[in-house]
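The chain contents come next:
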Amino acid sequence: MNNQLLDTYREDPDEIERIIRECKRETHISYAQDGNFFTPHLRGINHAELGRSKMISSPFTIVLEWLWLQYERLWYMMHELKRRIFPRTDALYGTRTDTHLVGKLTFAGPRDRGVPIHHIRLEAWARTHWGSWRKLSNAVSDTTGQFDLPLDLRAARSWAVREIQVDIYQTTHIFFPEGRSEPREEVFECRKLPKSEITGMEYSLGILRLPLWEYRTDSTVPRVVVPTNDLDLPEKYSEGRLDAFYNQILPIELTKLQHMEQIRYAPETITLDTIQQDYPENLTCAIERKLPGYTRSDEWFGRRMMNGMNKGTFLPDPQEEGVYWIKYFGICGYDHNDKYALPTCRVKFSLSDTGLPLPLEIQLQGALNAYDRGPDKISVFTPNDQPNWDYAKRVVRTCGSVSTEVDEHFAGTHLNTEQYAIAAYRNLRLNPIATLLLPHLKEVSLIDHAADASLIRGFLPRATALSDRGLQDRIQDMMGVQDWKGWQPMTPISHAHYYARGEHLFWEVVGRYVDAFINTHLEKIKQHWFEIHRFSEDLVNHSVAVFGSGVTESADKELLKERLEYYTLVYGYAPSGGRRTVGGTLRIVSPITGATSFGETGEADLRHLRDACCYIIMTATYRHTWINEHQYDDLGEIRYNCGGLRFGTRPEGVLLPESDPGIAPDLVIGTEMLWFTNFLSRTEYGFITRNEEEDVNPLFRKFLLEEEKKFARLGIDVHAIESRTNI
Amino acid sequence: MLAKEHTVFRLIRNWLSERVDKLVLWCTSVSFSFMIGVFLSFFARSRMSHNNGIGATGRLQVVDDPTFPAHSFFPPGKQFPARIRHASVTFLDDAMNCLRSLSIKLSEHHFDSPFDLEMNTGERSLFWSAASFIQFAKMRKEKYGVQYVEYVRKYPTALRASQLMLRRHVTSFQNLRYYNKTPFLFVGNDGIRRYAKYRALPFDGAPESGIDPNPSDWDVANQRILPHETRGRNYLKDEYARRIPREGAKYKLQIQLHTASCDDDPEVFNNMVPWDERTHPWHDLAVMDIDQVLDWKESTLTSFSLNNMPKSLGILPAKSIYDYNSLNYMRSHSEFARRMRLLSYKVFGMVPPVPDNDRRNESEWGV
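Here the protein sequences line up with chains A and B, keeping their order.
What the first sequence shows, in the working numbering, is residues -2 to 724, in sequence order.
What the second sequence shows, in the working numbering, is residues 3 to 369, in sequence order.
Just so you know, these hints were derived from the structure itself, not from any lab.
A couple of the hints might just be wrong.
[Stated by the list, open to error] Calculated pairs, DSS-like style, for lysine-lysine (alpha carbon to alpha carbon, straight line, at most 25 Å): (1) B:140 <-> A:192; (2) A:521 <-> A:374; (3) A:336 <-> A:374; (4) A:189 <-> B:143.
My request is simple: use the sequences and hints to build the entire structure.
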């Protein structure tokens, strides 16, 4: 930072703040709808890929696709027309119940053999020869998955009836039209029955094994099976979410495609700088334009470490009061490549008068160049070590981004939320807690599935030091510190610690909302406590091992201890909780309850449920939103920050200026990185206050809006907080 | 359920559908009887199921002090000639896990009789109506001693009934309990309309043999002999043939009654729902003494019919193929098949006795 600017800052810090606010506004998300009929477009989020996404760009294909869409629309219209002509009314046909359709519902997955599906709704319908529907029976499966649909044999065997079917419903959405909660149920499975075989007494549909929110068997962390075909997805994106995605992704997708062509056919026409210019301007670029050098200053470094995407956790120095450490753990023994540097970074801070941290010292442990790859070598830098100090800050930013993206973003929010989503969708139906949680858990499994291919097995192993295997292992380890029990928001270390203060404020809002909800629905929650028990069991049984619990011999016990100590602070993880060992593995997620009915338990379990709900909503909303929406701010300028700095060929390794192309990401990685951060930060949809789909509880919105001004004082826009993790 | 409004349209519709129901029942019964009569009874010289049996004769005497309402057909102390037939159903191998039967004919003749009764082991049945019986017949799919796999899987009630009905390692036909299951009419001397169920049990109260105390839910359809079976294909018939000259066989025939009313639940007629013995106690009806075994030819010629009953003890009317009484209705319409079988013996000759060879788990006569 040049001295003149520093002086300006000291004289008029408000001016700096004003410029930053202005730049934030300029680079804020907007939904621009442009293009025409022949504008290329994507067919779905899963078609967005590294390299070449599955774009429809040929005019011929666009016309064909348009025709196909018209066919689909027509089919839908016909379907809708039929539905209106022959509505399914709730009145039951028949006069007596002398026949029972019986059976048992179990989950289909190999890890779920024999696990019953409880409290799922079933309906028996008869279709007449002229197309109308007659409802014969409805029922809900019991706690053992058994169901019994009583019906009138004569109504079922009436000559007017053409076919009989049993529809099995699953709760897909919770909506709040006019303030009332309204679960949306969709037919998950339809079993047609031969009418002639219904002869009275009991007719068994047998054991129906439903592929309902199946746990994957090929993943070490709890993940849901997402089939390759679009028809059998466990859930679907809403139309609005897809539209927002299409509108935002298209320009940057075309930009990326253009870069790919240039790199392939005219590499002399493209550089990192031209790539940067082709993408929308991000926060650091905008600030650089107005305050050159500011984003490379110590002040900005400290500001972003505290309130940026990385939002580091400040560990008080045990010896020196007022001094803190932030740590970003690097390779840590995980499988890695030899191309990128990923040292463990320890940054020492003191607090300035403004409450923002100022870096005092940077320690980089691990390889910094291609020639000395010792994992234990520690290089120490202070502000006096220019220019290496600035280079070291860049290394910290880079390693911090990898650490944040992998540990906190993907594992800590995405996969963490997914494990609760799976357990919730599998188990919560009659219990009102479904109404509380499902709006915040929807779509996360889909976006996580998309991230598997494009990010975890695609971009990250090519753009960072961690290999695919290394990433998988690290993600599993990081899931091993994510637990609802004992979690608390980050402790603010100063009044300028806006992230932590915002997190506290949001935590209070969530707490008020959950308390109000539970108090309103307490009787029903107690009545259907069995579902909470099953929810808890699924969570515990499928959660990963506690971090480091399986390690008996470690090459670096000190590092493991240091990581555990830091993670305990970052994730509020309490090493000694009432955790359970399942299958010889100490599971990270603490049980919410061990009782199948509320009578057997007590207020303690109700508190557990309350805490778990708060944690789930907090993770799916605020914690995810923060990282996600700041990605383009902090990772939207290639030379400022990236996924990984290459070792290059020089003995200085990564300790070289930003202008050195040998250590910066290559052109392909450069464009892909900007595409990714744009894609992730700028295609958001589903905000709490905007409530685009009427799927947010009005009470939650009310509580949040009541605190709008307090959030605004922290620089947090409540209207930008997402209600779910869907990008 | 929909609240039904009483309208003329509904009245006419119900009247019409009642006629249609009866027509369907009649057509079903007649066509089924015709098919069985032509293809099974005539060409295959076979009964529908109870082929593997042994006949015997004796006397049946109504008890001297009946506790059931007086009936002119069963005056106290009255004696009838009795011709019975025990069978293992449906396989020609006594050692298999089979349903066992006792059919009684109050006559010396192999065909004509004033009163016939057909009973099987177990208090419940494998089917409960004509519609159910058609599915039962359709889903037999027998192969190597395994049958009704699909049927018992789809109908849990039938599965449970199978578990109660099948008998393996029976020591004698004499010590089993036999039930007729679907009720008959019983209009006694007092003119009150009642429904009656009958059962036969050993006079000496000998414990019932052949009951599996822990039947399988998955393997009921497998009726094959056990892997190391030492009993022969005719061991049970042979035992009975030896027993009768030695000590005879004495049975107690009992009756259970339900007083009819117009608002009776249709489940009263359901053969899958035994009547509660506390409210419907069993009354001793008669004692049957069997003292002579019939040879194979005479046993095979002996046939039974539900039409052989006095009107006041006959079958109950059925309204449709779903009516529980439709089973007896169908049985009563199988007269054609019965006659065709007897005709086939005249045309093609008598079927041979079940050979005592190593063709186990068979349902058809081999060489």
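Report task. Find the hints from earlier in the document that the structure breaks and name them by number, from lowest to highest. Result -> 2
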